[in-house]
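Residues per chain, in single letters:
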Amino acid sequence: MKALINRPEDIVREALEGMALAHADLIRVEQDPRFVLRADAPVQGKVALVSGGGSGHEPMHGGLDAACPGEVFTSPTPDQIVAAAQAVHGGAGVLLIVKNYTGDVLNFQMATELLADAGIPTETVLMDDDVAVTDSLYTAGRRGVGATVLAEKICGAAAAAGLPLAQVARIGREVNASARSMGLALSPCTNPQAGQASFTLKDDEVEFGIGIHGEPGRSRIPMASADTLTQMLLEPILQDLPFARGDEVLLFTDSLGATPLLELYIVHRAAEQLANQHGLKVSRRLIGPLMTSLDMAGVALTLLRLTPELRGYWDAPVRTPALCWGLAR
Amino acid sequence: MTTTLDPVLEQSRLERWLDCVQTRLASEKESLNALDAAIGDADHGSNLFRGFSKVQEKLQSAPPEDIPALFKLVGMTLIGSVGGASGPLYGTFFLETAKALPQERKSVDLQTLAQALTAGLQGVQRLGKAEKGDKTMVDALAPAIERLQQGADLRAAAAAARHGLEATVPLIARKGRASYLGERSQGHADPGAASATLLLECLARDDDSAA
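Chains A and B supply the protein sequences, listed in that same order. In terms of the working numbering, the first sequence opens at residue 770 and continues consecutively. In terms of the working numbering, the second sequence opens at residue 14 and continues consecutively.
No lab work stands behind these hints: they were computed from the structure. All values derive from a computational prediction rather than experimental measurement. Warning: the hint list may mix true and false statements.
Said to hold, decoys possible - One-sided excerpt, in silico: chain B residues whose CB lies under 7 Å from chain A:
#1 P20
#2 D32
#3 A75
#4 P77
#5 G97
#6 K119
#7 D122
#8 Q124
#9 S192
#10 Y193
C-beta atoms are modelled at their ideal positions from N, C-alpha and C, and glycine is treated no differently.
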């Protein structure tokens, strides 16, 4: 494995130090316990948003007050989450946005109990938008994937507009309930702390229904054209909610890390055409490597049904290292 | 049942147990990672090794007063350093065991330890909501602790854990990241059951015979 690292055990710390140097106008970084917070936190009187998860998905977040990075693909620990929440709490409570993975859920659950003891009101929004996973008693439930990026942006804007904790949480849950996602991989990723590819794929194989941690997907299918693969991703998304003729939607075309923008636009073209054929009105788009899995080649699609309220918060100005619009730089 | 071990465990013996866990994780973390690669994300061994190494640091810098304090130190340290699902789950196992042990004791008989470990297992199951047969650490922990409750010695318990581990191979995972694979999780041993077996084998290790 070749990677631009120094020592495997220093990856997360050094990346965060670089991030702090690159975006000193926007963020600060604490290392013990480890979290990233907006430079002007805490914002008094505003609901604070905190999320977190394993490292390796950068940039992932945009719109939070603090993010807690664990080791690569490993959930953060409760002490990180508690320290982050305490650092950004501005007196209006803390919204925890949690992706539905067993590790994330357990660590955030423990942190929630500790925050209650500390007298900080919290609400939790659990993201589980991945249609690749059968949601049944026999799985850990659907995974939180691309809709998390959208929920953070939208909830961030709602909090900035002065909405109280219960309302910001309601909006987060509405985003989760109105969004569906699915991804595929053309190549595995290599965790630089493990040094090995997460699985092996032949040249003519695609891992379908991939998760964001290099965990294998639900099935392996033969390689096909961009249009065919895009259709295979989008159809289960459309059928699952289901999205109906006339729905206004946001289409998010995400690179899993190594897929070039050139290919991403080809997938986005196919996805938007298919959505239009289905009678949907694509009114907002997000394209790029936002929720990544290290160096995995592949793509994930997320569709979010918009209401005027959600669209308004999506359009609100944002300036984070990952998302920037609506403001003069 | 005859036992080859002293039925009373001194605190120093339990500290050697943790030393054994850290030593074995150092040499076996890659194979635990490989088990995890098959049905998870290839870091279970590395994460536990980081946690139990931190336990060794804490034992050096602030030696616990008694056995409940020892278990509490391990639990808090694992929760604060392992991450993932295994941090809260193993952390809870040690914390709930600590709570169920008689206070201020520097030695514990095997039956009392067995009862406390049962409380630890119940804590794991409450948090993780896993039952036997879900292909998790419970599949190794539960049969081992049940054997202890029935009066078996630590070696028999460790053997029950290993048997439970081997029995996870044909199972379909129902909890955690491996559950996303459905039937594709069959044919692989569960990494959590493997690390739980390692823990119990170290507990059973007869220090005098230098394994």
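To see whether the hints hold, each was checked on the structure:
For P20/B, the shortest C-beta to C-beta distance to chain A is roughly 35 Å, which exceeds 7 Å, and the interface hint is violated. Using the Cβ-Cβ criterion of 7 Å, the hint placing D32/B at the interface with chain A is not satisfied: the shortest such distance is roughly 21 Å. The interface hint given for A75/B is broken, as the beta carbon of that residue sits about 17 Å from the closest beta carbon of chain A, more than 7 Å. With 7 Å as the threshold, the beta carbon of P77/B stays out of range of chain A, its nearest partner Cβ sitting at about 19 Å, so the hint is violated.
Of the supplied interface hints, the one on G97/B holds, with its beta-carbon coming within about 4 Å of a beta-carbon of chain A, less than 7 Å. The criterion of a C-beta within 7 Å of any C-beta in chain A is not met by K119/B, whose closest approach is roughly 29 Å, and the hint is violated. Given the 7 Å rule on beta carbons, the hint for D122/B is violated: about 32 Å separates it from the nearest Cβ of chain A. Against a cut-off of 7 Å between C-beta atoms, the interface hint on Q124/B is violated, since the closest Cβ of chain A lies about 31 Å away.
Proximity of S192/B to chain A holds as hinted, the smallest CB-CB distance being about 4 Å (cut-off 7 Å). Interface hint status for Y193/B: upheld, as the beta-carbon distance to the closest one in chain A is roughly 5 Å, under 7 Å.
The structure is inconsistent with the numbered hints 1, 2, 3, 4, 6, 7 and 8, although it conforms to all the rest.
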